[in-house]
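Heads up, the sequence shown is in my numbering, so the first residue is 471 and it goes up one at a time.
If you're looking for bench data, these hints aren't it; they were derived computationally from the structure.
Just so it is clear, CB atoms sit at the ideal spot from N, CA and C, and this is done for glycine as well.
Please note that the accuracy of each hint is not assured.
What the hints assert, rightly or not - Listed below are the simulated BS3-like cross-link pairs for lysine-lysine, each with C-alpha atoms no more than 27 Å apart in a straight line: (1) Lys499 / Lys513; (2) Lys544 / Lys472; (3) Lys472 / Lys520; (4) Lys556 / Lys544; (5) Lys520 / Lys508; (6) Lys609 / Lys596; (7) Lys472 / Lys516; (8) Lys508 / Lys544; (9) Lys556 / Lys508.
What the hints assert, rightly or not - Between beta-carbon pairs, the in silico distance windows are: (10) Asn636 / Arg487: 34 to 44 Å; (11) Arg602 / Ile663: 19 to 29 Å; (12) Arg611 / Asp498: 52 to 62 Å; (13) Cys496 / Asn572: 20 to 30 Å; (14) Arg554 / Ser532: 22 to 32 Å; (15) Glu623 / Glu599: 35 to 45 Å; (16) Glu595 / Asn484: 21 to 31 Å; (17) Arg669 / Cys496: 52 to 62 Å; (18) Asn511 / Ile597: 19 to 29 Å.
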Amino acid sequence: MKIGYIRASTKDQNLDRQIEMMRQVCADKVFSEKVSGKDMNRKELKNLLKFVREGDEIIVASLDRLGRDYQDIKEIVRQLQQRRIKLTILDAPFLNFDTGNNTLDTAMFDMFLSLLGYIAQNEREKILERQRQGIQLAKQRGVYKGRPIQYHENAKNAKDRLIYQNIKRMLEEGLPVTQIAKENGISRQTVYIIQKRMR
Numbered sequence: 471m472k473i474g475y476i477r478a479s480t481k482d483q484n485l486d487r488q489i490e491m492m493r494q495v496c497a498d499k500v501f502s503e504k505v506s507g508k509d510m511n512r513k514e515l516k517n518l519l520k521f522v523r524e525g526d527e528i529i530v531a532s533l534d535r536l537g538r539d540y541q542d543i544k545e546i547v548r549q550l551q552q553r554r555i556k557l558t559i560l561d562a563p564f565l566n567f568d569t570g571n572n573t574l575d576t577a578m579f580d581m582f583l584s585l586l587g588y589i590a591q592n593e594r595e596k597i598l599e600r601q602r603q604g605i606q607l608a609k610q611r612g613v614y615k616g617r618p619i620q621y622h623e624n625a626k627n628a629k630d631r632l633i634y635q636n637i638k639r640m641l642e643e644g645l646p647v648t649q650i651a652k653e654n655g656i657s658r659q660t661v662y663i664i665q666k667r668m669r
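Generate the whole structure from the sequences, applying the supplied hints.
Shown next as structure tokens:
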């Protein structure tokens, strides 16, 4: 059975290109979601991994649809290999080995995957370094404002205003930061930032 997995990082991104790719390869079933690749706790990815059986083929448009972290991708691939589930990456046909020797196919796939992982990791580090340099230069020129504040009493988004009010109330009640973050679906760092602004 051919099973597709498609993902976009944000709700604003379009899945149409990936949907069309799955149609062209005649996928029998497609799992799709709009969520960051940094998050491995993805509902549809979990559903896909529960659904597939030995002998099935998982199809993705590109390797980064599985995730953004090389170690996470490697772990998914390892699970699929153990379960004898084939992985096809449409924009990297050189990874789709079929020599007739499973051991050789696995070894070659792992070798190329390691190389791609290194390239991707190296590129991410370069991007982060360029961002740091850009921020440093902007600070020196006095034009760096930092990230816009999402949660505050005058936020344009009503939900963000509500979350802010809730966090403020909980902080005033002296509740633990971890509990506040968990109940509001935000990071502890965000709670600390709001707490600092309140002082």
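Status of the hints after comparison with the structure:
1. A threshold of 27 Å between alpha carbons decides the hint, and for lysine 499 with lysine 513 the separation of about 16 Å falls inside it, so the pair holds.
2. A threshold of 27 Å between alpha carbons decides the hint, and for lysine 544 with lysine 472 the separation of about 21 Å falls inside it, so the pair holds.
3. With a CA separation close to 15 Å, the supplied pair lysine 472 and lysine 520 stays within the 27 Å bound.
4. Distance restraint check for lysine 556 and lysine 544: the Cα-Cα separation of roughly 14 Å lies within the 27 Å cut-off, and the hinted pair is therefore satisfied.
5. Between lysine 520 and lysine 508 the alpha-carbon distance is near 20 Å, which keeps this suggested pair within the 27 Å criterion.
6. Of the pairs offered as hints, the one joining lysine 609 and lysine 596 holds, with about 20 Å between alpha carbons and a cut-off of 27 Å not exceeded.
7. A distance of roughly 17 Å separates the Cα atoms of lysine 472 and lysine 516; the hinted pair therefore holds under the 27 Å criterion.
8. For the suggested pair lysine 508 and lysine 544, the alpha carbons sit about 14 Å apart, so the restraint of at most 27 Å is met.
9. For the hint linking lysine 556 to lysine 508, the alpha-carbon distance of about 23 Å falls within 27 Å, and the restraint holds.
10. For asparagine 636 paired with arginine 487, a C-beta distance near 38 Å keeps the hint of 34 to 44 Å intact.
11. About 20 Å separates the C-beta atoms of arginine 602 and isoleucine 663, a value consistent with the hinted range of 19 to 29 Å.
12. For the hinted restraint 52 to 62 Å between arginine 611 and aspartate 498, the CB-CB distance of approximately 56 Å keeps it satisfied.
13. In this structure the supplied range 20 to 30 Å holds for cysteine 496 paired with asparagine 572, their Cβ-Cβ distance being about 24 Å.
14. Between arginine 554 and serine 532 the Cβ separation comes to about 23 Å, which falls inside the hinted range of 22 to 32 Å.
15. One distance hint, 35 to 45 Å for the beta-carbon pair glutamate 623 and glutamate 599, holds here, with the actual separation near 36 Å.
16. A C-beta distance of roughly 29 Å is found between glutamate 595 and asparagine 484, which places it inside the suggested range of 21 to 31 Å.
17. Taking the beta carbon of each, arginine 669 and cysteine 496 are about 60 Å apart, inside 52 to 62 Å as hinted.
18. The given range of 19 to 29 Å is respected by asparagine 511 and isoleucine 597, whose C-beta atoms sit roughly 24 Å from each other.
When the structure is compared with the earlier hints, no violation turns up for any of them.
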